[in-house]
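Given only the sequences and the hints, what does the whole structure look like? Please build it.
Residue numbers (the numbering used here), protein chains in the order written: chain D, 1 to 232; chain P, 233 to 351; chain A, 352 to 635.
These aren't lab readings, by the way, just hints derived from the structure by calculation.
Cβ atoms here follow ideal geometry from the backbone N, Cα and C, with glycine treated the same way.
Careful: at least some of the hints might be erroneous.
[Unchecked claim] Which residues of chain P face chain D? A partial, calculated answer using Cβ under 7 angstroms:
(1) Gln281
(2) Asn291
(3) Leu336
(4) Lys346
[As the list claims (entries may be wrong)] Covered stretches of chain D (in silico footprint by chain A; criterion: 3 or more residues with CB under 8 angstroms from a CB of chain A, positions within the stretch not fixed):
(5) 47–60
(6) 82–88
(7) 194–208
What follows is the residue order along each chain.
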Amino acid sequence: MTNIIEIKGLSKTYFTKKALNNVSLAIEKGKVVGILGPNGSGKTTLIKILTGILRPTKGEVYIDGNKPGVITKSIVSYLPDRNFLYDWMKIQDAINFFKDFYQDFDENKAYGLLEFMKLDRDMKINSLSKGMKEKLNLTLVLSRNAKVYILDEPIAGVDPVARDQILDAIINNYNEESTMLITTHLVRDMENIFDEVVFLKEGEVYLQGNAEVLREERNMKIDDLYKEIFGE
Amino acid sequence: MFNENLPIYIQIMNLIKRRIVKGEIRRGDKLPSVRDLSTELKVNPNTIQRSYHELERENLVFTQRGMGTYVTEDENIIKELKQSMASSLVNSFIQDMRSLGFDLEEIVSIIDEKMREGK
Amino acid sequence: MGKYMKYELKGSYKFIFGIIAVLLIASTIIQYNIYMVSNRPHNMAEATGFRAFTMLISILVIFGAFLATFIHIVGLFRKELYEDRGYLTFTLPLSGNKILGAKILVGAIWYVAIAISAVLYNFLLATILFGTSWLNNVKGFLAMFEPGAVSSAFISSTIVSLESTFLTLVIIYLSIALSKVSVKNKKIGGLWFVIFLVLSGLLNYLTLKISEAFPYYLSFNNFKILHYYDIAPFGTIFGGISQVTAYGTHIMGYINIIGNLSQILFIVLGFLATSYLIENKVDL
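In structure tokens:
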């Protein structure tokens with residue numbers, strides 16, 4: 001198996017606070033990997049380094065053999081934990097925008113997903129609810145045929161119906177040629193879609209492994225394991 | 233949906249086995265595609281793939297290239313499955329009862345009584 | 352880069368068109384008042400009352416519109432570093448050069464669009480209000496000068512003002528990027544303006560000193576290279592990056608060769624530095 005993502009001795013320090021401390025990870029192609037941890041555990045910091053909008057203090061990161069930069073940005077499809085679309089846009093503008101900048105963007109897939117999400121392309125992004133924005137953002141991100149998908153908290157703060165739609169969309173659009181990295185603290189809703197899980201605790205990798213093997217070894221669900229580790 | 237502390241692939245195998253034993257899926261029937269089942273159960277397709285693979289190793293299903301996965305045509309294998317599911321249920325029941333301190337005669341009489349009541 | 356510019360223009364055209372509309376309305380009020388006063392000189396009292404008030408307001412509005420445009424152009428870049436939209440912009444497979452280049456060109460396009468539409472509209476309005484006679488006056492005035500003199504003055508001042516537009520934009524964006532890299536706290540966001548003032552002061556001073564050290568000027572009349580003393584033999588005009596000399600009817604535009612080259616160099620270096628910062632140093 002080839003590693004699509006390699007992280008070696010990665011640290012990130014803000015002033016005096018260590019957000020990530022000596023994190024090393026290798027992620028195989030074709031896997032769905034859950035990065036689990038409560039707020040402040042370093043999940044978003046890790047992802048922002050992978051997507052090239054945060055610089056490591058120490059250590060190295062390779063995506064498909066390249067350091068984060070223009071090349072990796074063209075193969076990584078990133079869903080941030082916030083609304084990143086320009087506020088003047090309509091949904092159609094956002095689709096055109098993605099089509100213009102990402103060669104791997106599949107316009108027809110986007111229209112199909114929009115329909116599935118019950119979104120209309122004439123809607124203004126400003127007027128969408130939080131759940132609708134999340135669904136739109138995910139539509140755009142999943143409509144790319146990217147090598148790596150990085151989804152930061154895709155179901156946080158959305159209602160149960162939207163959550164199910166989002167989970168369906170993620171599962172339906174998964175394929176063996178691509179790798180998905182998903183951060184979440186809502187482990188119960190998402191644990192069944194992970195091949196691998198990584199527990200981040202206070203900026204360090206506390207535990208990682210194959211989800212099924214962990215269930216078997218520990219004789220508990222990943223959700224229960226999460227609760228045990230983070231003491232919820 | 234998956235609440236036991238077992239690996240998901242085993243829970244899915246059990247789910248399919250129950251459907252076969254109950255006759256919801258008959259011998260020779262095509263199983264749902266990996267993708268369909270993964271959407272239905274909201275489970276990673278790799279996990280479904282693994283369940284199908286394990287079921288195939290137990291000779292319960294077979295894969296036809298490019299066609300899909302089918303339940304075995306062999307009646308005996310399905311009978312065996314029924315048997316083994318029954319015996320494992322009964323075994324665990326007996327084990328539980330024994331751990332509560334019932335002996336064999338008491339267990340039988342409780343079952344007998346319950347069965348009569350049920351009718 | 353062209354694609355990115357397209358979306359930048361799309362995102363800000365409504366604001367800019369609004370600014371242009373405000374400018375045109377304000378200048379209409381001003382010109383109309385001048386017209387009314389000049390047509391009825393016997394009734395000067397009117398000019399001091401309500402009329403003077405609307406004039407004053409209009410002038411303030413024009414000033415405000417330019418300030419708003421400045422803030423908007425600053426915002427084109429600043430928002431990328433401090434707001435959520437940066438998560439989209441800086442994860443696009445575009446180099447820092449392309450993003451920055453698009454931002455600066457769009458800033459310059461809007462600046463020029465506003466300036467040109469305001470000037471053209473005022474000429475047009477003047478023609479409507481006062482007739483075409485003012486055109487003849489201007490023509491008569493220009494005819495007093497040597498042939499080619501006016502265009503050389505025009506070319507040299509255009510070059511210098513374009514340079515200063517681009518340099519200002521580059522310094523603004525460099526200052527914002529520097530303040531983002533040095534201080535990650537948005538609460539000290541005004542820091543960029545301090546950096547901006549210091550940097551522009553420094554670069555202007557440098558340009559002046561360089562121009563003085565190498566006082567050779569290119570004429571846009573005959574394309575000859577002249578020494579400072581050839582241009583201003585009476586020493587009446589200070590040396591600088593450009594010269595429009597006028598004595599008697601002799602008007603001529605020159606630019607200081609090394610001074611202008613160093614301006615261009617500052618633009619390029621500032622651009623590369625900013626692009627490097629946003630590609631390699633900025634943390635969102």
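Checked hints:
{"no.": "1", "hint": "Gln281", "verdict": "violated, 9 angstroms"}
{"no.": "2", "hint": "Asn291", "verdict": "violated, 22 angstroms"}
{"no.": "3", "hint": "Leu336", "verdict": "violated, 30 angstroms"}
{"no.": "4", "hint": "Lys346", "verdict": "violated, 31 angstroms"}
{"no.": "5", "hint": "47–60", "verdict": "holds (count 6)"}
{"no.": "6", "hint": "82–88", "verdict": "holds (count 7)"}
{"no.": "7", "hint": "194–208", "verdict": "violated (count 0)"}
Checked against the numbered hints listed earlier, the structure breaks hints 1, 2, 3, 4 and 7; every other hint is satisfied.
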